[in-house]
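Chemist: Residue numbers (numbering that gives the first Met the number 0), protein chains in the order written: chain R, 0 to 462; chain A, 0 to 462.
Certain hints may be false.
In this list, chains with the same sequence are indistinguishable; a pair is considered to hold if it fits within one copy or across any two.
Stated by the list, open to error - Capping the alpha-carbon separation at 30 Å, the derived lysine-lysine pairs in DSSO-like fashion look like this:
| id | residue 1 | residue 2 |
| --- | --- | --- |
| 1 | Lys155 | Lys318 |
| 2 | Lys318 | Lys123 |
| 3 | Lys155 | Lys123 |
Calculated from the structure, these hints are not laboratory results.
2 protein chains.
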Amino acid sequence: MTAALLDRLRAGLGADAVLTDPEVTAAYSRDQMPLAPAGTPLAVVLPADVAGVRAVVTACAAHGVPIVPRGAGSGLSGAANAIEGGVVLVTTRLDRIVEVDPANRLAVVQPGVVNLDLRAAVEKHGLFYPPDPSSYDWCTIGGNLATNAGGLCCVKYGVTADSVLGLEVVLADGEVLRTGRRTVKGVAGYDLTSLFVGSEGTLGIITEATLALRPLPEAPGTLVAAFGSAREAGDAVSRIVRAGLVPSLMEIMDATTIAAVEAYLGTDLGTGSGSGALLLCQSDAGGDAARRELASVERVCREAGAELTHATDDVAEGKLLLQARRVVHGALEAYGSCMTDDVCVPRTRIAELVAGCERISAEVGLRIAVVGHAGDGNMHPTVVYDAGAAGEFDRARRAFDAILDLGLSLGGTVTGEHGVGKFKQDWLAREIGPVGLRVHRELKRALDPGNLFNPGSMFTQPG
Amino acid sequence: MTAALLDRLRAGLGADAVLTDPEVTAAYSRDQMPLAPAGTPLAVVLPADVAGVRAVVTACAAHGVPIVPRGAGSGLSGAANAIEGGVVLVTTRLDRIVEVDPANRLAVVQPGVVNLDLRAAVEKHGLFYPPDPSSYDWCTIGGNLATNAGGLCCVKYGVTADSVLGLEVVLADGEVLRTGRRTVKGVAGYDLTSLFVGSEGTLGIITEATLALRPLPEAPGTLVAAFGSAREAGDAVSRIVRAGLVPSLMEIMDATTIAAVEAYLGTDLGTGSGSGALLLCQSDAGGDAARRELASVERVCREAGAELTHATDDVAEGKLLLQARRVVHGALEAYGSCMTDDVCVPRTRIAELVAGCERISAEVGLRIAVVGHAGDGNMHPTVVYDAGAAGEFDRARRAFDAILDLGLSLGGTVTGEHGVGKFKQDWLAREIGPVGLRVHRELKRALDPGNLFNPGSMFTQPG
Numbered sequence: 000m001t002a003a004l005l006d007r008l009r010a011g012l013g014a015d016a017v018l019t020d021p022e023v024t025a026a027y028s029r030d031q032m033p034l035a036p037a038g039t040p041l042a043v044v045l046p047a048d049v050a051g052v053r054a055v056v057t058a059c060a061a062h063g064v065p066i067v068p069r070g071a072g073s074g075l076s077g078a079a080n081a082i083e084g085g086v087v088l089v090t091t092r093l094d095r096i097v098e099v100d101p102a103n104r105l106a107v108v109q110p111g112v113v114n115l116d117l118r119a120a121v122e123k124h125g126l127f128y129p130p131d132p133s134s135y136d137w138c139t140i141g142g143n144l145a146t147n148a149g150g151l152c153c154v155k156y157g158v159t160a161d162s163v164l165g166l167e168v169v170l171a172d173g174e175v176l177r178t179g180r181r182t183v184k185g186v187a188g189y190d191l192t193s194l195f196v197g198s199e200g201t202l203g204i205i206t207e208a209t210l211a212l213r214p215l216p217e218a219p220g221t222l223v224a225a226f227g228s229a230r231e232a233g234d235a236v237s238r239i240v241r242a243g244l245v246p247s248l249m250e251i252m253d254a255t256t257i258a259a260v261e262a263y264l265g266t267d268l269g270t271g272s273g274s275g276a277l278l279l280c281q282s283d284a285g286g287d288a289a290r291r292e293l294a295s296v297e298r299v300c301r302e303a304g305a306e307l308t309h310a311t312d313d314v315a316e317g318k319l320l321l322q323a324r325r326v327v328h329g330a331l332e333a334y335g336s337c338m339t340d341d342v343c344v345p346r347t348r349i350a351e352l353v354a355g356c357e358r359i360s361a362e363v364g365l366r367i368a369v370v371g372h373a374g375d376g377n378m379h380p381t382v383v384y385d386a387g388a389a390g391e392f393d394r395a396r397r398a399f400d401a402i403l404d405l406g407l408s409l410g411g412t413v414t415g416e417h418g419v420g421k422f423k424q425d426w427l428a429r430e431i432g433p434v435g436l437r438v439h440r441e442l443k444r445a446l447d448p449g450n451l452f453n454p455g456s457m458f459t460q461p462g
Numbered sequence: 000m001t002a003a004l005l006d007r008l009r010a011g012l013g014a015d016a017v018l019t020d021p022e023v024t025a026a027y028s029r030d031q032m033p034l035a036p037a038g039t040p041l042a043v044v045l046p047a048d049v050a051g052v053r054a055v056v057t058a059c060a061a062h063g064v065p066i067v068p069r070g071a072g073s074g075l076s077g078a079a080n081a082i083e084g085g086v087v088l089v090t091t092r093l094d095r096i097v098e099v100d101p102a103n104r105l106a107v108v109q110p111g112v113v114n115l116d117l118r119a120a121v122e123k124h125g126l127f128y129p130p131d132p133s134s135y136d137w138c139t140i141g142g143n144l145a146t147n148a149g150g151l152c153c154v155k156y157g158v159t160a161d162s163v164l165g166l167e168v169v170l171a172d173g174e175v176l177r178t179g180r181r182t183v184k185g186v187a188g189y190d191l192t193s194l195f196v197g198s199e200g201t202l203g204i205i206t207e208a209t210l211a212l213r214p215l216p217e218a219p220g221t222l223v224a225a226f227g228s229a230r231e232a233g234d235a236v237s238r239i240v241r242a243g244l245v246p247s248l249m250e251i252m253d254a255t256t257i258a259a260v261e262a263y264l265g266t267d268l269g270t271g272s273g274s275g276a277l278l279l280c281q282s283d284a285g286g287d288a289a290r291r292e293l294a295s296v297e298r299v300c301r302e303a304g305a306e307l308t309h310a311t312d313d314v315a316e317g318k319l320l321l322q323a324r325r326v327v328h329g330a331l332e333a334y335g336s337c338m339t340d341d342v343c344v345p346r347t348r349i350a351e352l353v354a355g356c357e358r359i360s361a362e363v364g365l366r367i368a369v370v371g372h373a374g375d376g377n378m379h380p381t382v383v384y385d386a387g388a389a390g391e392f393d394r395a396r397r398a399f400d401a402i403l404d405l406g407l408s409l410g411g412t413v414t415g416e417h418g419v420g421k422f423k424q425d426w427l428a429r430e431i432g433p434v435g436l437r438v439h440r441e442l443k444r445a446l447d448p449g450n451l452f453n454p455g456s457m458f459t460q461p462g
């Protein structure tokens, strides 16, 4: 039975595109979320065109073997983790930038294109593809689409969904669906594009995307503001939002994060010792406009109690300042293993989230560092634990869950950008409630009646 | 049978909320699209709260009587037109602005709130609700959501969907679904919000919406550019897009439109006689930034061959200039009856669309005026005909269809912002193809198995 499926896959794709050696397939069985379960796949397949994807889908459907779509494997929810005995469909050979159309500000790409490669290709035309997850130099557009990936850009430019005009998708019966359009606007029928974006590989295989591009922004100016407490930094964020300011980047780091980064980099970040919280802001409005925008942000930070502020329009210095944010994960890993949470709260509740994480940290006796995209309330509290110490994993997991609980209680969501995957199914059910879950199941059943695509990921289908 | 349903509706809503007098219900049986069919409703109901909406839904479901949801009736697709023997559910009594939250830049509203009333309410907080369909002073937010309404703002601020964070929806079984969230970001589950926005009342009844607001922009500066031909104006649009300029408004009027407006207003629009096309642009970037932005647009227009340009940062003068655009419909109606098309094409194809409309005009022997949102390619060619003259309606309809055909052939869509409704079902089917239509039907069946909501609108459900 499985031999017949493998034969069919090899016949359809060529033998080199069907991997079955367990030592090889193991490399494709997990994404970057260590807490999610992963099975041993029957095979890993690497189709190079739409016909290949269709061949895999129809073969697996005929044999009742589930398919997990996978890009680079940079995900943080286990959505791309293999299912025991299933097929992992890797999209990295579908890696063509089909078209860049500067006069209509759009690009057409295959799912295996690396985010950075697309950014570079469109930059040559003075254009900008905003979504910038932290793995942008190796994650693929297909994975970005499947997870509706975010990044540092979101405060001004939105998430991946905001840059998608249309998709080509292989459905469960092997048919090819085209959603959306090449035009800026269009209301012909349901918004199928948005339904597939963020569906985490549970509804079909995206084989092409038409993406909206923006004019390349100006080189950014940068502002750092140091506060005595996270409460004041959170207050500054609320005031910035209320003042109608829209920086192109606004990141927050709490005291624990600052200390870790200072130890890691061997400097005091130039903010004086013992800062309670940092805000890092950028404006890409260009020249005077950027200077004025950052001056306004600076004034609001001062009014909210900032002890120290420093603004620069030197791009290199700005990059250096941003470095403090970019090394956070490495800095925390110097302390031990990390569980990175992904809650998004209303922007007025950031200070409460930080205070709550301090309380949870004290309760479980583990370090919790809070860092996040303050401009949109998407916070990544990170629980640090010693994987070798008895009971620490369990305590870390308890803290992790307590933070999700806290996020929900603050009117937030259990995932701002990482997704549900094979890890947060129970939390999704809790957030969306029984009616929401029922609707999810009905939609999944409508488009994938055989439960072929990534079954059990995001939510389970009963019976 | 119908008496029993009427009794149940009166018991649930109160007698004053159930209208059955045909002379009264006739006023609720049509929207603003005269070409779409409309039936005589069994009743028009006006629930005042969610419980009332649920009562209507469960009663109608029990009796197998279809429901057409309706806001103010300003729609242009017949989506809100009554179905023979069905119930029209009017949302205008659900008219509360539940909350404005300036620090999180959001508002929570019921569907019956008039667009202008929401704009005014949030403006007091220095905030801005962008979607501005031309009926903004009387259309409702619920209708805007159901049709994913656009407007003049879209070139910079997007369509209605871009301002929606979450919805409350009454489903076909009377259950209440909550979609989305109050946070800026969130990827917990499928994007149900986007599925309901633009679904034209075919999937459920929206009873509340959480809307994202923006900082109130600066008072706009305005630029008019007159061209010898639509080809040059279209070329200017392409160059503006390619130059990375994003005006807050960019409208185009062709020679036929200009002549109609000049006759109607009794002035020559100050652009010299015989202009082939006008571009009207605004920048709301404020002060120097707006002046610089408009100066760049002006330069590009000159390079594209503009014969005359005029820029002003006087707000009153800008309004006056925009008046030429706002009176287009009235000006054309002075010639006869109008069929207003709604195609959206890639922005590089605008000139071809105008040229094609000239050709179609000559073929059918009727005046066709082209006006539209040039910044996003959403064009409204309007066919003028004499409703009393034998054969003119049929020729107008032929021209209308030829324009849709042309729009599709230019890589566009058959509706940029008006919707499909009870009028363009065949065109939707043609645009999305058999696989797209099948998926629409499957999703509709999943959420509305009894075909309760607006059956036959947008597409038909077989069997």
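Chemist: Now, for every hint given, state plainly whether the structure supports it.
Modeler: Hint-by-hint comparison with the structure:
{"no.": "1", "hint": "Lys155 to Lys318", "verdict": "both (18 Å within a copy, 29 Å between copies)"}
{"no.": "2", "hint": "Lys318 to Lys123", "verdict": "within (21 Å within a copy, 38 Å between copies)"}
{"no.": "3", "hint": "Lys155 to Lys123", "verdict": "both (22 Å within a copy, 23 Å between copies)"}
Consistency with the previously given hints is maintained throughout, with no hint failing.
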